[in-house]
Amino acid sequence: MTVSEIASVLGMTCVAGREAMDREVTSGYASDLLSDVMGHAPEGAIWVTSQIHQNVVAVALLLNLSAVVIAGGLELMEDAIVKADARSMAMLATPMSAFEAVGRLYQLGVRGEV
Amino acid sequence: MLGAWTADLHVHTFLSPCASRDMSPGAIVNRCREVGLGIVAITDHNASGNVARTMAEAEAEAEDQAAKATQAIQATRSIQAGDAAQTARSESGLVVIPGMEVCTREELHLLTLLPDLAGMAQWEAVVRRSLTPGVNVPEVFGEQWTQDARTGVISSETALLAAPTSLMLEEVVREVTALGGACIPAHVDRPSFSIIGQLGFVPEGLNLAGLEISRAIRREQALARMPHISGYGLMSSSDAHSLGEIGLGCSLFWIREPTVAEIVLALRGAEGRRVEIE
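If you read the protein sequences in the order shown, they are chains A and B. Quick note on numbering: the first sequence equals residues 1 to 114 in this note's numbering. Quick note on numbering: the second sequence equals residues 1 to 278 in this note's numbering.
Please note: incorrect hints may appear among the correct ones.
Sample of chain A residues at the chain B side, in silico, Cβ under 8 angstroms [as the list claims (entries may be wrong)]: (1) L33; (2) L34; (3) S35; (4) M38; (5) P42; (6) Q51; (7) I52; (8) H53; (9) N55; (10) V110.
Per label pair, the in silico range of CB-to-CB distance [said to hold, decoys possible]: (11) A261(B) to P95(A): 42 to 52 angstroms; (12) L199(B) to S97(A): 17 to 27 angstroms; (13) H40(A) to E143(B): 24 to 34 angstroms; (14) E75(A) to D148(B): 38 to 48 angstroms.
Just so you know, these hints were derived from the structure itself, not from any lab. This structure is a prediction, so every number in the text was calculated from the model and none was measured. Note that CB positions come from ideal geometry on N, CA and C, so glycine has one too.
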């Protein structure tokens, strides 16, 4: 399933990195600690978080994730938007809580590593 | 006797991956003088490699200013050259405080200020052991440059400074306090990397010197939004990542001398000392 398909089915808005919306999502990860994500998120994962700063984009790029979902109706900071656009990292936003967003992703067949 | 010192205690150099490439120690010292700062703290992310160079630049700048002022003083008054130089120097020096903005395990930013370079070297050794393993990826996080204090040669720092350390907030406060330093949680009003953003509140029983509010908010606004921080001394600083930002947030410290110990006393309002946010 691509980032674009997920965004359209779950009604998530792409707020940056539109060029990367056709990336394939191969798994999922949820955490608000960068150190945890850096240590455990698998390549190709869609990452659900409530952090909004530019290091979120940097970590997603470093790990070659497929997309980031900013949950809870939070707004991504301007410098993060610029970075995600420049480096093509798809950033989605949703008013859903992180719990709800992860649940909906799971329903669509996205799985974490067990 | 108390004197008023304008201080910006949160400035990054080009060692911080997110800072502008023109943030060299020399350029920072010049800009500090231009905007009229008396004290600056160099606070890069999880490293202090440019503190010594900034001190050296400030020293050189003071010597330079003093030489010019000495000539001016001697030209107008008939006093001894030595006295004139002394007068000129004490009026022109920018004080550089060794600092570091540490990202704790909770992923909150804490300004740590150390009394001198020796203390900072000890503190940096602790932080070094606690960095996230790995090397910096400049294309993702940004370049990290250090400038040698003596030679001025610039080289790349390869450690991963953008990632958090493994040090817990309490450990940082304990270690820095033991070295005679001060801990000040950074930009507590901001959602990202702040003690309140990450934990929701300021834990009790921590030996914090005070709290920093960002330049985006006024003291009254901060207290109205976060009434539970009213027991702490507040200061404002720029968190400058580019030259033009230096001094945009600063605080006036009424202190006896420009030292970390006096800054702590001012934040705590001891014996008439105080901090005014400009």
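Report task. Take a look at whether the Cβ-Cβ distance between A261(B) and P95(A) falls inside 42 to 52 angstroms. Result -> Hint holds: Cβ distance 49 angstroms, inside 42 to 52 angstroms.
Practice item. With a cut-off of 8 angstroms on the beta carbons, see whether Q51(A) makes it to chain B. Key: holds, 7 angstroms
Can we keep the V110(A) interface hint, with Cβ of chain B closer than 8 angstroms? violated, 25 angstroms
Do the numbers back the hint for I52(A), that is, is its least Cβ distance to chain B under 8 angstroms?
holds, 6 angstroms
**Message:** Please check whether H40(A) and E143(B) have a Cβ separation lying inside 24 to 34 angstroms.
**Reply:** Holds - the Cβ-Cβ distance for H40(A) and E143(B), about 27 angstroms, lies within 24 to 34 angstroms.
**Message:** Given a cut of 8 angstroms on the nearest C-beta pair, is the interface hint for L33(A) held or broken against chain B?
**Reply:** OK, holds: L33(A) within 8 angstroms of chain B, min 6 angstroms.
Worksheet item: Does the interface hint hold: is M38(A) within less than 8 angstroms of chain B, judged Cβ to Cβ?
Response: holds, 6 angstroms
Minimum Cβ distance from L34(A) to chain B below 8 angstroms? holds, 6 angstroms
> Minimum Cβ distance from S35(A) to chain B below 8 angstroms?
Replying inline: It holds, given that the least Cβ distance between S35(A) and chain B is near 5 angstroms, below 8 angstroms.
Notebook entry, point to check: Could one say that the CB atoms of L199(B) and S97(A) fall in the range 17 to 27 angstroms?
Noted result: Roughly 19 angstroms apart at Cβ, these two residues keep to the hinted range, so it holds.
**Message:** Given a cut of 8 angstroms on the nearest C-beta pair, is the interface hint for N55(A) held or broken against chain B?
**Reply:** holds, 6 angstroms
Hint P42(A) vs chain B: min CB-CB distance below 8 angstroms? Since the shortest Cβ distance to chain B is 17 angstroms, the answer is violated.
The structure fails hints 5 and 10 (numbered hints given earlier, in ascending order).
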